[in-house]
Structures are given as structure tokens and as C-alpha cells.
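Single-letter residue listing:
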Amino acid sequence: MPAESLHMQLMEHIQAEIVALDLVGIPNGGVLIQKRLSDQEKYLLASPNNYPVILIAPETETIQPNGGTNIEDDIGYPVSVVILDDDNQDQDVNYDRNLLWRQQIIRNLHNHHAAGIPSIRRLTVTPGAVIDPATWSKAGLWVSSLRVNAETRNLRP
Amino acid sequence: MAATTPQISYALDWHWWDNTESVTASLTRRTTTTTVTISDAFRGDISRTAGDVLGAELVANSQIWSIPASLMGVNEFVQGDTITDADSVVWSVEGAVLVTLGNSKLYWTVATNKRKGS
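Protein sequences appear in the order of chains D and L. So the first sequence is numbered by numbering that gives the first Met the number 0: it starts at 0 and just counts up by one. So the second sequence is numbered by numbering that gives the first Met the number 0: it starts at 0 and just counts up by one.
Treat the hints with care, as some may be off.
Unchecked claim - In silico DSSO-like links for lysine-lysine, alpha-carbon gap of 30 Å or less: (1) LYS137/D to LYS41/D; (2) LYS41/D to LYS104/L; (3) LYS34/D to LYS137/D; (4) LYS113/L to LYS34/D.
Unchecked claim - Restraint ranges, calculated between C-beta atoms of paired labels, are given here: (5) GLU11/D to TRP15/L: 17 to 27 Å; (6) THR34/L to ASP95/D: 46 to 56 Å; (7) GLU11/D to ASN18/L: 15 to 25 Å; (8) ARG120/D to GLU56/L: 42 to 52 Å; (9) GLY28/D to GLU56/L: 56 to 66 Å; (10) GLY101/L to ASP89/D: 53 to 63 Å; (11) GLY43/L to ARG146/D: 57 to 67 Å; (12) SER87/L to GLN103/D: 25 to 35 Å; (13) GLY54/L to GLY24/D: 15 to 25 Å; (14) ILE45/L to GLY24/D: 44 to 54 Å.
It is worth saying that the hints were derived from the structure and are not from the lab. Virtual Cβ for every residue (Gly too), placed ideally from N, Cα, C.
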């Protein structure tokens, strides 16, 4: 079996967790792992209704120079999770639904283990903006972000 | 000495436009949505741009519309209104300018973005 990077395993875990939530209003194919978060149509669903989507992409690893033990290193593998929806500046449409998505994602990832990835000690979630106000006012889009960090302790080779 | 020439209205200059199309404007104010059918809207520049928002690349498919002011009647465009074109594509209003000449209200220049999934 080919080796798979921790970052990819983590993103696949996050994707599977979000899909398993059965979030009302978003098809399973709307939860996507990407290299670079993007809503270009060629990256989204084949269906004309590309929105809403939840996009997942890696961020730069974090390394504490003194983190770990004499023989192990602590390395963090962060992942961005971004929720995109088109509500056309409507103050009511999808409001509670999208907040609930965010809440469910946080509760199902924060302070959890990543099943099947033993080298990840713990997942933590750092909330980003609930909604980006400038994009909402300019383009009528709901853009909401979270950051999931995987704490790992790795035996030094 | 004040000018005595008759005042000319330019409000119907749009009659000279060609290649127009029929669109529908939906204007929401508080809890009421007013629908206005525009028989002669004129498509302007189209642009494709991308911006970075919270680390995500968001693509904008933008379209400028010219909408005769006389066909809008007393109605005006504001952000968040929509224009539905002849192909049923929905365009969300990002901003609008009413072009005037003296007392004449000529047309609205409306900057729009194609709604995602439209």
C-alpha cells in the first residue's frame, strides 16, 4: 500500500466527517478537497447548481522548535475549511442553516481523535470569520471559514 | 441673459439602441419585491475576475447593463436587486449609476455579478 501523507489523510478524514453529518442542503459531492480553495466552475459539481460548497485545503505545517521529547517532534498539520453559499444579500435565507453547519462541523472535530490515523493525537478547531462582511455586501456570498489543526508527535528518524 | 431655447429631453435616447433584449428586474425593499419588465436592456462589458477571500479564490462573472430610466418608471436599482436576462440567467446588482443629462434621466448603468448556480 503506498504511503499517504498525513495532510491528505487528515483532509480525507475531515471530508468524511462532514459528509457523515448529512448536512441538510448540501450534497455529498459538495464537500471537496482541493489544492487551492477555489470556486471556479471547473472544480465544482457538474450540476448547474454549484453552490453551496464546502472546500478543504491544506495550510502550512506548524513546528515548535522545542516541541516534543528527546526523540519525538511535535508537528501541526492545519487544514482550511471554507463554507460558500450564495444568498444574494438576503438577511434571512439560509442563515440558521449555515450557522448550524458550522456548529456541527466544529462540534464533530474539535478535541476529537482522527479515527484510523494514530499519529494524530488530537484535532482542534480555530474558528475564522463566521461571515466575510465585504464579500457578502459586494457579491452577496456567504463565506465562512474554520481552521482544523492536527497535533502529531512523530518519532524522529 | 437667460437662454430661451426650448429644453430638450434626452430620456428617450435609448430608442436609438439596437441589439437590446428583454429582462426582468426584481427590486426588494423591506418585505416587498417589485418586478419590472424591461423591454430594451442593453448588455455592456463582460469581465471575469477572481479575488481572494479568507484564503479562497472566488470567481466573479460580471456584466454591465444599461437600463433605460424611462422603462424603470419610479423604480431605482440598489445593491442586491437582480436582473434576469432572456436566457433566465440571474445577475445580482453590485452597484448602479443613473446617467443624467441636465434634467433628463437617461439610463441606469448597472454593475452585476452572475449568481452562483444561475
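Cross-check of the supplied hints:
1. The suggested pairing of LYS137/D with LYS41/D holds, with an alpha-carbon distance near 23 Å, which does not exceed 30 Å.
2. Restraint check for LYS41/D and LYS104/L: not satisfied, since their Cα atoms lie roughly 42 Å apart, outside the 30 Å limit.
3. Restraint check: the Cα-Cα separation between LYS34/D and LYS137/D comes to about 26 Å, which is no more than 30 Å; the hinted pair holds.
4. The hinted pair formed by LYS113/L and LYS34/D meets the criterion: a straight-line CA distance of about 25 Å does not exceed 30 Å.
5. The hinted range of 17 to 27 Å is not satisfied by GLU11/D and TRP15/L, whose Cβ atoms lie roughly 60 Å apart.
6. At about 28 Å, the CB distance of THR34/L to ASP95/D disagrees with the hint of 46 to 56 Å.
7. The supplied range of 15 to 25 Å is broken by GLU11/D and ASN18/L, whose beta-carbon atoms lie about 50 Å from each other.
8. Checking the proposed 42 to 52 Å range against ARG120/D and GLU56/L shows it is violated: the Cβ atoms sit about 32 Å from each other.
9. The hinted range of 56 to 66 Å is not satisfied by GLY28/D and GLU56/L, whose Cβ atoms lie roughly 20 Å apart.
10. GLY101/L and ASP89/D have their C-beta atoms about 38 Å apart, which leaves the hinted 53 to 63 Å range violated.
11. A C-beta distance of roughly 40 Å is found between GLY43/L and ARG146/D, which places it outside the suggested range of 57 to 67 Å.
12. Our hint of 25 to 35 Å for SER87/L and GLN103/D holds, since their Cβ atoms are close to 34 Å apart.
13. The given range of 15 to 25 Å is respected by GLY54/L and GLY24/D, whose C-beta atoms sit roughly 23 Å from each other.
14. Look at ILE45/L against GLY24/D: about 31 Å separates their beta carbons, and that is not inside 44 to 54 Å.
This entry does not satisfy hints 2, 5, 6, 7, 8, 9, 10, 11, 14, going by the numbered hints stated previously.
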